[in-house]
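Colleague: Letter by letter, the chains look like this.
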Amino acid sequence: MEKRVIKKDALAGIIKKMAENMVVYAPVRDEDNVLFTVLEEEMEPLLEFDNTKNAPKNFFFPQTEVMMRYMKTERGRELSTVEGEATPAVLFGVRPCDARSFVLLDNVFNDPKYKDPYYIDRREKTTIVSLACVQPPYTTCFCTSVDGHPFSAEGADVLLVDLGDTYLAEFVTPKGEELLKKMGDLPAADEALEAKKEKLSDAAGKAVNGVVPGRAIKSWMDENFEHPFWDTIHQSCLACGTCTYLCPTCHCFDITDEIKKEDGRRIRSWDSCMSWLFTMETSGHNPRPSQKQRWRQRAMHKFKYFVDNYDAIACVGCGRCVMYCPVNIDIRKIVTDISNL
Amino acid sequence: MENIEKQVREQAKKLLADGTVDIVVGYEKGTLPFQTIPCFITNPDDAERLVWNRFCSVNLAKYVHDIIFAHKASQVRTKPEERTKKTVGIVARGCTTRSLVIHLQEKQYDRDQVVIIGVPCTGYIANKKLSMAVNGAEITTCTVAGDALSVETKGGKRDITVNEVLADSCLTCRFNNPVISDVMIGDAAPPMPDGEKEYNAVDAFEELPIDERWAYFTKEMAKCIRCYACRNTCPSCYCKVCFVEQSQPRWVGAGIDESDTQVFQFMRMFHMVGRCVDCGSCVEVCPMGVDLRKFLKKLDKDDLQLFNHRAGESLESAPSLSVHRENDKEEFIFEP
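Those sequence lines, one after another, are chains B and R.
Letter by letter, the first sequence follows residues 1 to 341 of our numbering.
Letter by letter, the second sequence follows residues 1 to 336 of our numbering.
With the rest of the complex left out, here is chain B (with noise of 0.2 angstroms):
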């Protein structure tokens, strides 16, 4: 693995110039938020900020994508698809937490037996530059909790550290290193400050604030479906999809046709399990037909069914769902509640 070291007030010109050439998604202050967009040329690139709002999911699983096309021409019907359209680009300054969500969601897409061309196309073509959280950012974090941790590389090409007045950068896997050879000459890193990495990754792990026992409900889950700590979560739940559109690892679709005289796509969207439309069959018949069910849905999928199917919690503690719910209801207290059962 290359390790190199990047000079403070040189990386938002490495990446500006980068952005010269390719498509660049990175972090920007757009108003009250700050939100990964594509880097335009008179953007600034954000280094020092906690966390994007939105999830960087959307990059590689859009909220809405073309699947297909269709016409109706005097030859009949004509079908194109729209596959390996991706332009080679950079996702920059991920945070570790949100970098491991593109690991659980290749899981989804990137199965052995289902392959999803859409997302396996944008995520080969895109190179993952993560900012390790030197200070957890907020006190609702809980990657710890989670099999994650404020420095991992985890689902990253190329890991930042802020050491003080330079980034250390390693360049994790082979994806990363081509992108090195885009960066310029950048001198190696010394054992010195792989060093004081290793140091600052320790106080960053143990300053995660929160702490759940995600792993541990997973046996009560497996056992208590019916159970009436079920009636208690999901009252004051508005069954907006806040927590889900803004989720990293949500990644539950759905399917439409919209057509326009005679030209028609078929989209696919981001469903939200919180909505009333969610898994409602033609019949008018919904097995999941009050938020009760649909809150069960979501704390089970994460805690329990994306365990029993790929071993990793389908959660990874960046504690937005947490912060943005506009009626706190907060995943750290229904984890723990479930715990203490």
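Since the hints were derived computationally from the structure, they do not count as laboratory data.
All residues carry an ideal CB built from backbone N, CA and C; glycine is no exception.
Careful: at least some of the hints might be erroneous.
Unchecked claim - Each computed BS3-like pair below joins lysine-lysine, with the alpha-carbon atoms no more than 30 angstroms apart:
(1) B:K3 with B:K16
(2) R:K6 with B:K260
(3) R:K294 with B:K53
(4) B:K333 with R:K6
(5) B:K218 with B:K304
Said to hold, decoys possible - Estimated spans, in silico, between C-beta atoms of each pair:
(6) B:Q135 with R:T20: 47 to 55 angstroms
(7) R:N200 with B:E124: 48 to 56 angstroms
(8) R:L208 with B:N33: 21 to 29 angstroms
(9) B:N33 with R:S150: 24 to 32 angstroms
(10) R:V76 with B:T173: 51 to 59 angstroms
(11) B:P289 with R:T20: 53 to 61 angstroms
(12) R:K6 with B:D257: 37 to 45 angstroms
(13) B:D185 with R:A222: 50 to 58 angstroms
(14) R:F69 with B:T173: 50 to 58 angstroms
(15) R:E81 with B:M71: 53 to 61 angstroms
(16) R:L306 with B:T87: 46 to 54 angstroms
Claimed, not checked - Computed, partial: chain R to chain B, Cβ under 10 angstroms:
(17) P38
(18) Y63
(19) H65
(20) I68
(21) C227
(22) C230
(23) N232
(24) R250
Guided by the hints, dock chain R onto chain B, whose structure is given.
Modeller: The following block gives chain R in isolation, referenced to the frame of chain B:
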């Protein structure tokens, strides 16, 4: 305020204990320092969980509708003579009572199904304004003493006055005391500071050229992620199936196409004419900070100027679009 909280608890306890209500909807302490959670009390002993403070933000009237309708739905297979009615107690400030008035005017449930514990209100703290006051830094503790607010972030401590961070809809509120109630708690609250400036922002917006207004609308709507938090928290949005989710015909696309998002937002707003009580809940719950109020307030102003009507002001004054008068003005139709 502590005194009001104490009396709210006592009233809730009494109403539950003597069987006047089946459930009380109020607020309880949240897990974040600046949040409360809507809570639902059925056991008189749990009334102690109820709180009343400047962080009680979302309009609770929505839950009254939800509870009564869920109960109704659960009884479809019960013989008509055996069906029961659900009576809901609610901790309600001015705007909440106005929403309840709209439900009653629109015959959603009977007056005897809701028992209103009216509380005087001095406004709630808007999360977004609070966050902006500390430049978006995470708030670790937040305490209110009268009109002084002490906020702690990683960057240090800041003292601000409550008025700086009150919701915009609270600052210009003319109905901070309940318009109807069954039990009133405390003395009436004094008028809010900017009542006279209620439409100032709308007036200024109206002065802008049409392309600038359109640019502002499209810019704000581009932030929307279609999570529907605004619609779902709105007590006046109670349609069983919203037009956005209807599929025969499909009025709005499921994706985030710009025009679909705009259509969702302005169609919802048009449904709010004479029905929006300016409680600010849609603004408060929006995760992306879309300025919905600017447009809703314009409709509110039109409603007042053209029909001399204010949403939910009294049981007698029905929403403008639900009444027909032969002498209705109509010039406005031709002058956008």
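Colleague: Looking back at the numbered hints, which does the structure fail to meet, lowest number first?
Modeller: As far as the earlier hints go, 2, 11, 12, 13, 19, 20 are violated by this structure, in ascending order.
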